[in-house]
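Chemist: Residue 128 in this note's numbering sits at position 128 of the sequence shown, and the numbers go up by one each step.
Heads up, a few of these hints could be off.
[Unchecked claim] Listed below are the simulated SDA-like cross-link pairs for lysine to any residue, each with C-alpha atoms no more than 25 Å apart in a straight line: (1) K26 <-> I132; (2) K74 <-> F95; (3) K134 <-> A29; (4) K68 <-> R37; (5) K139 <-> N44; (6) K92 <-> F146.
FYI, nobody ran anything at the bench for these hints, they're computed from the structure.
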Amino acid sequence: MKKFILSICVAAGLFSCTSEADQNAKTGAENVAYYSRVWEVAINEGRTNILDSAYTEDAVLHTVPEVKGKANCKAYYENFVTGFTERQFIVKEMFADGDKLVKYWQFKGKHTGNFFGIPATGKSVDVIGCTIAKMKDGKITEEQDFMDNMVLMTQLGLLPTAK
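Input sequences plus hints: build the corresponding full structure.
Modeler: Listed below in structure tokens is the structure:
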């Protein structure tokens, strides 16, 4: 009888456990859904107040210069909302492994306002990029964007077009 009860307990324990890979997949799926929603609301809808709860207090954007802290991260992205109308932030592909995410995206908009100190040019932009992000407990802790800033500056009319 003891062996039978022990066998039942072991079997129940095995079936109730999830593997680390299963947990990473579940966490990754939750993070992708949340992260996608954050950028839909913040950029496309222009409601950057969602960023108040999206970042950890000590979040870091690896840019030049580096941006540190939740309020500064929000201020950074507000430049896209105040700088552009007709904004379209399109997530082309995103995948995650637990708390690490990679997002391939496209940004389109018309430069009608101040954008990081650059006065409105009235020009339209269409750039692609990639973001690597880290999450912790469902909040963004780190981000690093990769995009061709030369293409962006050329589209804004601030650099000559290549011949």
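Chemist: If a hint holds in the structure, say so; if it doesn't, say that too.
Modeler: Verification of the supplied hints:
1. Distance restraint check for K26 and I132: the Cα-Cα separation of roughly 19 Å lies within the 25 Å cut-off, and the hinted pair is therefore satisfied.
2. Taken as a hint, the K74 and F95 pair is honoured in the structure, with Cα atoms around 23 Å apart against an allowance of 25 Å.
3. Restraint check for K134 and A29: the C-alpha separation of about 14 Å stays at or below 25 Å, so the hint holds.
4. Only pairs whose Cα atoms come within 25 Å are accepted, and K68 paired with R37 is accepted, the gap being roughly 22 Å.
5. Taking the CA atoms of K139 and N44, the gap is near 20 Å; set against the 25 Å cutoff, the hint holds.
6. Between K92 and F146 the CA atoms are separated by roughly 15 Å; this keeps the pair inside 25 Å, and the hint holds.
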